[in-house]
Amino acid sequence: METDETDHVLPFQLQFDKPVASQVKIAEWNPEKDLLAMVTEDSKILLHRFNWQRLWTISPGRNITSLCWRPDGKAIAVGLEDGTISLHDVENGKLLRSLKSHTVAVVCLNWEEEGQLIRDDSKTSSSYEDRTSRFFPPAPRVPRMPGVVSGDTSFMEDSEDSYGELSNSSYQRFNILCSGDKDGSICFSIFGIFPIGKININRFSVPTPFMDKQTPRQISNSSIYKVSLSKDLCRLIVMCSGELNENTESRESQMVGQGMHSLVLDTSIFSKRKSELHQLAQQASNIEDLTEVIRASLSVMCKQWSDAMRTFLEKFDSLSTLIIDHALDSSPQEEFLSLLGGARTSSAVHQFLVNSLGEVGVKRVLKVICGTAKELQRIVLDHLQPAAEIIGFRMGELRGLSRWRARYHGIGLDEMLINNATEKCGMILVQIERFMRVLSTVEQQFSNFFNWLLKCIKLLMQEPSDQLLPYNSELVVIFLKFLYDQDPVKQLLEVDHDIEVDLETMQRVKELVQFGGFSDCEYLQRTLAKEFQQMEDSFKEAFLMPFTTVSRKMLYEDLLALFPLPSSSASVSMAIPMSISSYEVHFHQCMGNFLHLCSIEPSN
Amino acid sequence: MTNGAEGFDSVPSSSGSNGSGRYEIGLIYLGMMHLHFGHPKQALQVLTEAVRFSQQQSNESCLAYTLAAICNVLSEFGCSSSAGVLGTSFSPITSMDTSLSVGQQLFVLLRESLKRAESLKLKRLVASNHLALAKFDLLHAQRSLLSFGPKASMKLRTFPINVCKELRLCSNLISEFGYESSTMTTDGAFSTTWLNNLPKSMDSPLLPQENGHRNNCDAHRFFTQLSTVPKSVLQLLGSSYIMRSTAWEMYGSAPLARINSLVYTTCFADASSSSDAASVHAKLIQHLAVFRGYKEAFVALKVAEEKFLTVSKSVILLVKLQLLHERALHRGNLKLAQQVCDELGVLASSVSGVDKDLKTEASLRHARTLLAANQFSQAAAVAHSLFCMCYKFNMQVQNATVLLLLAEIHKKSGNAVLGLPYALASLSFCQSFNLDLLKASATLTLAELWLSLGSNHAKRALTLIHGALPMILGHGGLELQARAQITEAKCYLSDPSYSVFKDSEVVLDLLRQASDELQVLEYHELAAEAFYLMAHVFDKLGQLERREEAAASFKEHMMALENPQDEDDPLLNMF
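These protein sequence lines are chains X and D, in that order. If you use our numbering, the first sequence corresponds to residues 379 to 982, in order. If you use our numbering, the second sequence corresponds to residues 11 to 585, in order.
Since the hints were made in silico from the structure, they are not lab data. Treat the hints loosely; a few may be bogus.
[To be verified] Computed cross-link-like contacts, DSBU-like style, restricted to lysine-lysine with a CA-CA straight-line distance of at most 30 angstroms: (1) D:LYS312 with X:LYS752; (2) D:LYS131 with X:LYS745; (3) X:LYS741 with D:LYS131; (4) D:LYS312 with X:LYS931; (5) X:LYS609 with D:LYS312; (6) X:LYS752 with D:LYS241; (7) D:LYS312 with X:LYS888.
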């Protein structure tokens, strides 16, 4: 039920009690509790109890243009000037999610839940269980970036708790958030998190009411004032201003006049396919969350590793300069090799090991690199791998749904696209396993190399070296050959690299195609980061299909021209007090029907 | 598939005593060998001796390994007499209540073993114990199923989350071997790969001067060949992927089952034992047969046969027999089916001892063959004795399958009412063990049973099918999908409120999909049914030409079913 709180008495009472720095421009009552959310002119959101006890205040930093409550009263949706819609937790005002679905200011929001009235549900609804919670422990969270200030981390933890709860919509009733912007676009998102459609009322052709005229008209330069979805989700009422133009092929579009219109759109797809949309939104929004986990993990890992490697390079850079200073014609690797072979110890290496690096230096670099490697392994094992696995599972579930053509083809779930996405999930799992192996090997090689260096330093300084860990000289050779000036871990974490795969592995992958392996044999040549990018693209493509399909199914139904507006004021967003309410009317056939009442208070 | 033996290669070094632990290790190996050849009694005797001796020598780590080996014996054979054999000398077992079932004994032992391994920091053993626990959690409900009944049944569940957790804990092994292995690798272990590289870089110095233009053929070797992760670690990690794949086959997620097998074959092929590799390939071949039909599966089988020629013929042979049997049943070639079935039976009780799982499968297939031959009472008798055997050995997962088969037998023999309790019992078993795919298939059977009770149950049947459809379409094979589609179409057709003239496309689309899938499988009987229904619908709609077309296809499939010809069968001639 949408009511615009434009009672002028309340803000004045508040000012008596607790003066607010600036004028309140929007106020909305919580549908469940005695909470009033208000937006002030200086873009703050205040939440008060009935007794004017202030619960919290937040300022999103941008101009707030609209606000509405989630039907269960546990979250607030806020429309911002730049087209972003953000959801805030009712408990503490923390940002749960933000979605930039518009390009211009979001001027109205309406969050509607499916009505209580369920007619003959046994036929349409299928009891579908989200199996994920039965088979997997709670989904992994975004890994924490190291070195974040403690104040920040507590914020992150809190928000993540409600973040996870937001996607777990299996017990929620189906609901849809509609938002309208200044340019006449209306966006729909299921549970406020999964965008399912976008329409622009400027594109609808409006048949003329007169029978003799056949030319359809179009609304142009429209701006939405209010949207309201009926309780049965079948109809959307839009109040908008705009020019109603005649659209003909020969003539220039003829201006009919600037005015206020009320449009009725057919959104019966939402009520007809609500359980299908519910399941799609549930799986897809969870997949998107998990994709976010993978993205964050990758970026955290990339940053940590490059920091660690920088320490290593900084320390060992001086060896090359020392070699040049000593006028030697060789590379650091060769110097180390000859040290290992026991042939000679050049003065450059001696100076480097004993003076510039030293035992402490080696130990420090060892600690940095191996500690980072351990950290990376933790991230892979606790975040990356589980996230990818759950994504694979959820995609598999979506695949099952997409093959139920009679039900899911209508909402645009495409079998081919979902299959493709599932293949990509499999590839990323293989890639993660390969990355883990490379990482573990690199860690081991580094620790072996540094153990050897420690021993060398002890020998060079003629100190006893029997307390040190043993090393494997063969691994030292391999390290010098393959790892000293290359960084396979970093390569895998960056997008623009080609990984060369040896023939044997290629052959194995090709052979696997016969056994039902991935038909794309080249995937091992991509890096982990690149593979992730492709996976993300395939998801986007797969989820865009329902978006466009559903958008196309929202049709024009009726238009009522309300009153003309002075054309000068069209560009200026002016406040016209109005409200839309829908009422349920029972006819004789015991069929519920909804009627809309629009009330307008022409103030100017 | 996964036994505790993988970790044993590290016993010598991790026990820390050189030479003194040899006798115990020898005993453990002997015990494992006995187990491998199917002599659980002797294995337990030997392991008891190992326990005694390790206790005498206070060789803690060896004791932990022995415990793991005993767990392995118990889980493989579930000897009820184990407590009697071990009871005298081993504290963890003597402290156990003798009234505990084998499953509970095993659980206690596994926990104990894990605890010991953790306290001794035997990382491989810890991982292997996690794997064993995952396997236990996969197959056992947390409480004994002896109190199975309508009220208790809801509480008795397996907990898939635990399986997932144990598997993840097992994967942690890869981050833990880091420091130890530089000492463990014997010098020269890498020289083979090293030498392989050498010929190519002979002409250039070992380390080329121009560092910027280092040829990539060196660099890429690092990714694949120079992995220094020890083989025993890789084998354990690989086993965890096989376990994942098996778990998903049971829980019902076809994409994840396939993907995990693929991860194994792509990443662990170089380190895996050939029997593991063969069993993963067998999984992939079965997956192919179920989802893409026999033609592709047989091509893959041919490749696999060449690949695993020498080593573990039995796994591949088993898959071959399974595929041949399925296909013969579908094509209606019952003589061949019976022949293959007998061969399976021989395989089940070979020289190396009786394989219970294989024996179960053989008699399951025997019952299905009898069912296909319409010998209902014989089929039911075989299924009943099989149920008794499964019950005796606590093989609950197989029980669900057998119950479903009994329901099918009653359905086909026309006693739908008798079939209902079996289908429901199967359903509740599936629910307890989270066997979602089997549950979907049981739901389908239930719907078919309701439908055969009369058209006034059509709506109920349709609701049942719709509830199971996401599962069936997403994770079920071609046969299951086609069956579901045909049954759904039949529900519509027998529903009095449905009119063919108004919405014929719903039914026709279903039948078309089903007949496509069945033609891939060469499942003549069901395909004929699909075409029969199709012809009926076209007849009602008055589309005579298309009716004739469907009727012709129907006739074709019936003819093929009546006289199966295997002489000119290209797939059979491959072998």
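Taking the hints in turn, this is what the structure says about them:
no. : hint                   : result
1   : D:LYS312 with X:LYS752 : violated, 43 angstroms
2   : D:LYS131 with X:LYS745 : holds, 22 angstroms
3   : X:LYS741 with D:LYS131 : holds, 25 angstroms
4   : D:LYS312 with X:LYS931 : violated, 50 angstroms
5   : X:LYS609 with D:LYS312 : violated, 61 angstroms
6   : X:LYS752 with D:LYS241 : holds, 20 angstroms
7   : D:LYS312 with X:LYS888 : holds, 16 angstroms
Violated hints, listed in ascending order, are 1, 4 and 5; each of the other numbered hints is respected by the structure.
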